[in-house]
Amino acid sequence: MYLRPVHTEHDETRMYKFIQENPLGVLTTALKSESYPVLQSSHIPWVLDLPPTSESRPRPAKLRGHLARANPHSKALSEAAAAIAVSGSSKTKSAQLEEEVMILFTSPIHHYVTPKFYVETKPSTGKVVPTWDYAAVQCYGTMAVFFDGSAVETGEFLTKQIDDLSKQSEEKIFGYDGQEGRPSAWNVDEAPESYVNLLKKAIIGVEIEITRIQGKWKMSQELARGDREGVIDGFEKLGSETGDEIARTVRERGALKDLAQNT
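Under full-length UniProt numbering, the first residue of the sequence shown carries the number 1, and numbering increases by one thereafter.
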């Protein structure tokens with residue numbers, strides 16, 4: 001990710017909040033294999049585990065997810081994990097991969113920006129070109145793979161993962177929390193246990209310990225104030241939810257830039 005200073009986010013709290021609001025991330029790995037492609041990517045909904053803020057020696061944040069066992073990506077991960085488990089004479093059925101992995105989270109709110117919005121620079125010099133506004137967070141880390149469906153630890157990991165992901169999605173995305181007349185959340189216990197156990201055999205679990213995180217909000221904050229106001233006005237006049245959200249974010253990031261420059 002190209003991190004131009006004016007677009008770079010340094011606040012980890014803001015980046016972790018972004019992940020929680022946009023939990024569908026793209027996992028990318030580069031695993032040497034004679035059977036599967038080296039580079040593979042999969043879209044996965046993630047659960048973010050943050051350590052308690054009260055800890056004097058905070059633990060790293062972690063991301064938990066799962067993939068279909070039939071996915072070639074899962075097969076490459078399982079192949080690499082099994083080789084490590086055997087070579088390490090480990091009796092556990094999970095393994096820590098040596099290769100670094102990457103997960104990319106992207107805001108669903110993004111948009112083309114027309115040069116017509118640059119009301120200050122376009123009339124004076126004409127030196128303007130189109131661009132695209134967007135926001136993204138990129139995580140790097142080390143991955144543990146829970147690949148043996150017969151192992152107790154794999155079952156425990158997948159049970160917690162499925163329960164937590166379902167609760168997160170039902171309550172945070174749909175708002176099914178049973179509060180103020182809203183419906184209660186669906187939970188895994190409502191499905192037959194035999195059915196859930198069958199489905200668990202068809203997935204593998206993955207857990208990433210985050211070693212570094214990067215955030216980029218490219219929201220026209222690099223522009224002069226007049227052009228920035230033109231972008232805000234232009235998007236508000238679109239009369240769409242996306243336009244309104246882009247305008248709000250451009251205004252917010254512009255204010256942060258101005259504050260940083262004045263301090």
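Check before you lean on any hint, since a few could be wrong.
Here are the simulated distance ranges between beta carbons [unchecked claim]:
| # | residue 1 | residue 2 | range |
| --- | --- | --- | --- |
| 1 | D233 | A82 | 49 to 59 Å |
| 2 | R212 | P37 | 19 to 29 Å |
| 3 | E99 | K127 | 18 to 28 Å |
| 4 | E21 | P115 | 45 to 55 Å |
| 5 | L3 | S184 | 41 to 51 Å |
| 6 | A224 | Q179 | 25 to 35 Å |
In case anyone wonders, no lab produced these hints; they're calculated from the structure. All values reported here derive from a predicted model rather than from experimental measurement. In this text, a Cβ means the ideal position worked out from N, Cα and C, and glycines have one as well.
Review point. Do the beta carbons of A224 and Q179 sit within 25 to 35 Å of each other?
Key: Given a distance of about 45 Å, which is not inside 25 to 35 Å, the answer is violated.
Practice item. Given the range 49 to 59 Å, decide if the beta-carbon distance of D233 to A82 lies inside it. Key: holds, 58 Å
Review point. Do the Cβ positions of E21 and P115 conform to the proposed distance bound of 45 to 55 Å?
Key: violated, 30 Å
Practice item. With respect to the beta-carbon atoms only, verify the hint that L3 and S184 lie 41 to 51 Å apart. Key: holds, 42 Å
Check your understanding: That 18 to 28 Å hint for E99 and K127 (C-beta), does it hold up?
Key -> violated, 44 Å
Review point. Do the beta carbons of R212 and P37 sit within 19 to 29 Å of each other?
Key: holds, 25 Å
The earlier numbered hints that this structure contradicts are 3, 4, 6.
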